[in-house]
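K.L.:
Okay, here's what each chain looks like letter by letter:
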Amino acid sequence: MRSDRSLTIVTRTLAAISAAIVLLIIGFLLREAAPALRQLGLSRFFTDESWHPLSSQFNLTPMIVATLVTSAGAILIAAPLGIASAVFVNFYAPHRLAVWHRRLIELLAGIPSVVFGLWGLMVLAPIVATFGGSGQNLFTATIVLGLMVLPTVALLSDAAIAALPRPWIQGAAALGMGRSAIIGWVVLPGARRGIGSGIMLALTRAFGETMAVLMLAGNIVEMPSSLLSPGRTLNANIALELGYATAGHRSVLFVSGLMLMLVVSCIVLLISHRRGHQA
Amino acid sequence: MKYFLSMSFVLLCLTLAGCTSSPSTNSNSNELSGQLTLTGSSTVAPLAAEIAKRFERQHSKVRIDVQTGGSGKGIADVRRGVADIGMASRRLASDETDLTAHQIAADGVGLIVHQSNSIAELSPDQIIAIYTDKSNNWQDVGGDDKKITVVHKAEGRATLEVFLKHFGIDNPSVKSDVIVGENEHAIKTVAGTEGAIGYVSIGTAEADIESGVPIRLLPLDGVEAKTVNVASGAFPMSRPLNLVTADPSSQLAMEFIQFCQSADVHDLVKSQYFVPITKGSDIAK
Numbered sequence: 001m002r003s004d005r006s007l008t009i010v011t012r013t014l015a016a017i018s019a020a021i022v023l024l025i026i027g028f029l030l031r032e033a034a035p036a037l038r039q040l041g042l043s044r045f046f047t048d049e050s051w052h053p054l055s056s057q058f059n060l061t062p063m064i065v066a067t068l069v070t071s072a073g074a075i076l077i078a079a080p081l082g083i084a085s086a087v088f089v090n091f092y093a094p095h096r097l098a099v100w101h102r103r104l105i106e107l108l109a110g111i112p113s114v115v116f117g118l119w120g121l122m123v124l125a126p127i128v129a130t131f132g133g134s135g136q137n138l139f140t141a142t143i144v145l146g147l148m149v150l151p152t153v154a155l156l157s158d159a160a161i162a163a164l165p166r167p168w169i170q171g172a173a174a175l176g177m178g179r180s181a182i183i184g185w186v187v188l189p190g191a192r193r194g195i196g197s198g199i200m201l202a203l204t205r206a207f208g209e210t211m212a213v214l215m216l217a218g219n220i221v222e223m224p225s226s227l228l229s230p231g232r233t234l235n236a237n238i239a240l241e242l243g244y245a246t247a248g249h250r251s252v253l254f255v256s257g258l259m260l261m262l263v264v265s266c267i268v269l270l271i272s273h274r275r276g277h278q279a
Numbered sequence: 001m002k003y004f005l006s007m008s009f010v011l012l013c014l015t016l017a018g019c020t021s022s023p024s025t026n027s028n029s030n031e032l033s034g035q036l037t038l039t040g041s042s043t044v045a046p047l048a049a050e051i052a053k054r055f056e057r058q059h060s061k062v063r064i065d066v067q068t069g070g071s072g073k074g075i076a077d078v079r080r081g082v083a084d085i086g087m088a089s090r091r092l093a094s095d096e097t098d099l100t101a102h103q104i105a106a107d108g109v110g111l112i113v114h115q116s117n118s119i120a121e122l123s124p125d126q127i128i129a130i131y132t133d134k135s136n137n138w139q140d141v142g143g144d145d146k147k148i149t150v151v152h153k154a155e156g157r158a159t160l161e162v163f164l165k166h167f168g169i170d171n172p173s174v175k176s177d178v179i180v181g182e183n184e185h186a187i188k189t190v191a192g193t194e195g196a197i198g199y200v201s202i203g204t205a206e207a208d209i210e211s212g213v214p215i216r217l218l219p220l221d222g223v224e225a226k227t228v229n230v231a232s233g234a235f236p237m238s239r240p241l242n243l244v245t246a247d248p249s250s251q252l253a254m255e256f257i258q259f260c261q262s263a264d265v266h267d268l269v270k271s272q273y274f275v276p277i278t279k280g281s282d283i284a285k
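Line by line, the protein sequences are chains A and B.
Counting from 1, one number per residue, gives the positions in the first sequence under UniProt numbering.
Counting from 1, one number per residue, gives the positions in the second sequence under UniProt numbering.
No lab work stands behind these hints: they were computed from the structure.
Since the model is a prediction, treat every value here as computed from it, not as a measurement.
Check before you lean on any hint, since a few could be wrong.
[Claimed, not checked] Pair by pair, the computed Cβ-Cβ distance ranges are:
#1 A:Phe28 / B:Gln115: 39 to 49 angstroms
#2 B:Lys134 / A:Gln57: 13 to 23 angstroms
#3 A:Ser3 / B:Arg54: 58 to 68 angstroms
#4 B:Gln251 / A:Ser50: 43 to 53 angstroms
#5 A:Ala98 / B:Gly81: 55 to 65 angstroms
#6 A:Ser50 / B:Pro124: 18 to 28 angstroms
#7 B:Asp145 / A:Pro126: 19 to 29 angstroms
#8 A:Ser50 / B:Gly168: 17 to 27 angstroms
#9 B:Gln126 / A:Gly132: 53 to 63 angstroms
#10 B:Ser262 / A:Ile17: 48 to 58 angstroms
#11 A:Val22 / B:Gly81: 23 to 33 angstroms
#12 B:Asn137 / A:Ile17: 52 to 62 angstroms
#13 B:Gly81 / A:Ile25: 24 to 34 angstroms
#14 A:Gly208 / B:Phe167: 32 to 42 angstroms
[Unchecked claim] To give a feel for the contact side, a few chain B residues facing chain A, derived at Cβ under 8 angstroms:
#15 Ala154
#16 Gly181
#17 Gly192
Glycine included, C-beta positions come from ideal geometry on N, C-alpha and C.
So that you can see chain B by itself, here it is in the shape it has in the complex (with noise of 0.2 angstroms):
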């Protein structure tokens, strides 16, 4: 519900372009004080939001604004400087090069199906057949005799690539039954479709599955699909949670992203069902 809210929110946003004011760091004295703008990925989105509440209650002159609307449009309003961190939960692409990626958390995703699904576990041969068509009822994988319904993601997700480049499957060749955009959407379809397989966040579906969601999430090459095995690094399909800066950005903007990477935010990042990332493992580079 609050992410359909939000999504309705970032349209509206995007008809009100122009909406977002730009930083001012006052470097003279040593306390900080500004206004940073953070946009980007529905995934980073709620945690930079919390972690900006703890930063703003420390930094009483500083105003954090988090707004949405994906990993593509963190990166195209770093480039334009409409904002001053991007959030990308994906690593950055070979033609992103401009930008610095810094890591604050890790996220795997994982395949969902409904909790009354017999099936124990598909190998990636599987999951390829069953994306691609080839596999049409659960008896061809070893389940009950019932149609798969296979939910999909809108082109240009985070999550649907990392899904595909694990697979190695080319978009054009997925046959499905159900296109979603955000994790809930995905999760609310595999809800309320018995046959239905989909793939989420791991966190947004951990956290969905304890209150009582009908979904079971698969492991994956014989990993528990949980977020302890995404933050060991065991879980095979896992992204990394990003804020994305252009250089040189301000003196708040470090000062920000520095707060995010601590060891004092590891208690947010847990709340979020992410997996915190110890400073200096920036694999994201």
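Chain A with its partners taken away, still in its complex shape (with noise of 0.2 angstroms):
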């Protein structure tokens, strides 16, 4: 009893601790963003002509943009064939090349972001570069950003086929159903709720990746026109130009981590909004 007590104090405390390190992270982002905002307002934020912070120039439209579409890319990228991966590892693999399976995906995600970053400056941007320009573009950036989630896809959806009730699969492997049915039928709509989050994790994950991101997404601030156009995400801007900014550029750039915090919520909100709705 004394222990269950004890037990409900920790817990609480520690689950205070992780819940106040996001509100007070926001709360800094807002102090260091307010000189900025009280003096530009919100809206020159969007209706600016371009990102020329020095000449007074604050649109961070076409930064939002590409930070959406680099995002949304990775896990269109990222999605396939991690779910692909734990239904091989879980159904199709024989054991021991599961396992290394398994480890492989592992150390893929263990690749730190710099050299994946390295890699893509190095191997990737020149084959992209035959397709014109620099090879420094949205498409280069996406590609290698959908590299770095796929682990956490994949890991995750494997762990969510993994705990499913055994009796469900011998149950419709009783019933007379094939594998690829029963993978169609049972284990992916079993294993629903567990992929999702694999998937939401990995969309966080990519919103917040920089350092790669920054080595080959061309970062140019203009509305992306296609995949192959250069473009900077938020969390780019604020590293490549956080260094050597003074005073009111600084207080500009973290509105930018703001924007981004903004957009994370929002998309955070409603993806788990419409899982509420579904379960």
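With the hints as a guide, dock the two chains, each given alone in a separate frame, to form the complex.
P.N.:
Set out below in structure tokens:
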């Protein structure tokens, strides 16, 4: 009884700390961005002609679009690959191959983002450059971003599928369903929530990734006209300019951080709201 | 690679703001002791770190901590008292006269193209035309029929300021194809794109060319883009590398700055492909 009470206190405190950290960071962003927001108002970040903070032009819209495009594209690459990898490991791979496949995916998760960036810059960009330009554009950044978030989808889907009750699968097999039918009608719908969490985590990780995208996306602040046009994401913007920014410029960069938080929270809320309806 | 790593490290440091410690100079004894923190320009930082190592060997009770983050951060940190000495790869601006600059070396900014590019030299007008999107093909400026990929730097970078000021270009009028951060990022981009043009620190470019990176430095106004020409002052697009202090600064900081300006460190300055400055020619002020 006593141990239960102390455990309650401990878990409550730790949970409160984890939640408080998010609020603290948002508070910090708000405080740092406040001078710029007070001076410029919110609308100028959408209506200005371009992004030239040293010449008082502060349009963030192209960067919001670039952030959404690269992250959504990364999920389009990572989700099919990741789910297929999880199904393969659980149903099609011989035991020894499955073990090695899992290890390799875990290794992929451990590769630092600068290494991904460097590989993209030296290997992938010159290949994409054959379509014209420098090869540093949204397309290259999206591919590398997709590979970076692939392990998140793969490992969480794998865990979700492995956690399904065995009788479901045995029962389906006893009914005479084939392997592909079991996967399509029993396994994937059953593991839907777990797979959904994996995709969600991968999406937020894609939103947050900075280094590899900075090295590969070309960083031009312009409304992208195609996947092959260069673009700059909100976080690359902070990383590129913060080191050299003084007073006013610095505060404006925190607005772009705040904007990223806003975009991510909207999407997280939207998805969890929809999932709430389904359950 | 090193630069990208150091950059991500800097970002980490920014999130852990306030991780620098304050100085304490022991002026009672003749021997120097205490701790110095330097922050600022990523161009000056490797040189300052090398000089700091030598200074620490001579004064065993001194600890010098060198962090990067850009000239702007260096100046801001000195003002706020977070750092003892700031590093800036530019002259001080008119609103920064509350600080004192001590020049320790010079650096030139040169234009680079891919090694396979047949162009011999570009006139200032041609360079302006390329960067403002009036020339889009190397044919327009006397080269082969190939699209020009313009590599530009992010706003606030010291090399960008040197470049824009030299050619009198307004940053919003620049139409570029790629924007990069560090010098190494610019060099890797140009080395990987045959039609690319960019501008970087001449010291960094010379070092990379020596190690076989397929890029070429273009002469400017008929002057070869070489460190010797930056040293002699003949190369037109150059900048001072400064240590910046707020008044009054500690005895330890002044001793270190004098050491940086002495002939004892000229070999280190040269090994970083910068150009030594003899004390007295303090053109930075």
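K.L.:
So, for every hint listed, does it hold in this structure?
P.N.:
Hints and how they fare:
1. A:Phe28 / B:Gln115: 39 to 49 angstroms: This hint holds: roughly 47 angstroms between Cβ atoms.
2. B:Lys134 / A:Gln57: 13 to 23 angstroms: holds, 21 angstroms
3. A:Ser3 / B:Arg54: 58 to 68 angstroms: holds, 60 angstroms
4. B:Gln251 / A:Ser50: 43 to 53 angstroms: Given a distance of about 48 angstroms, which is inside 43 to 53 angstroms, the answer is holds.
5. A:Ala98 / B:Gly81: 55 to 65 angstroms: holds, 58 angstroms
6. A:Ser50 / B:Pro124: 18 to 28 angstroms: Cβ of Ser50 of chain A to Cβ of Pro124 of chain B: about 25 angstroms, so the range 18 to 28 angstroms holds.
7. B:Asp145 / A:Pro126: 19 to 29 angstroms: holds, 20 angstroms
8. A:Ser50 / B:Gly168: 17 to 27 angstroms: holds, 20 angstroms
9. B:Gln126 / A:Gly132: 53 to 63 angstroms: violated, 23 angstroms
10. B:Ser262 / A:Ile17: 48 to 58 angstroms: At roughly 52 angstroms between Cβ atoms, Ile17 of chain A and Ser262 of chain B fall inside 48 to 58 angstroms, so the hint holds.
11. A:Val22 / B:Gly81: 23 to 33 angstroms: Holds - the Cβ-Cβ distance for Val22 of chain A and Gly81 of chain B, about 31 angstroms, lies within 23 to 33 angstroms.
12. B:Asn137 / A:Ile17: 52 to 62 angstroms: Between Asn137 of chain B and Ile17 of chain A, where Cβ atoms are some 59 angstroms apart, the hint holds.
13. B:Gly81 / A:Ile25: 24 to 34 angstroms: Holds, since Gly81 of chain B and Ile25 of chain A (Cβ atoms, about 26 angstroms apart) stay within the stated range.
14. A:Gly208 / B:Phe167: 32 to 42 angstroms: holds, 37 angstroms
15. Ala154: holds, 4 angstroms
16. Gly181: holds, 5 angstroms
17. Gly192: holds, 5 angstroms
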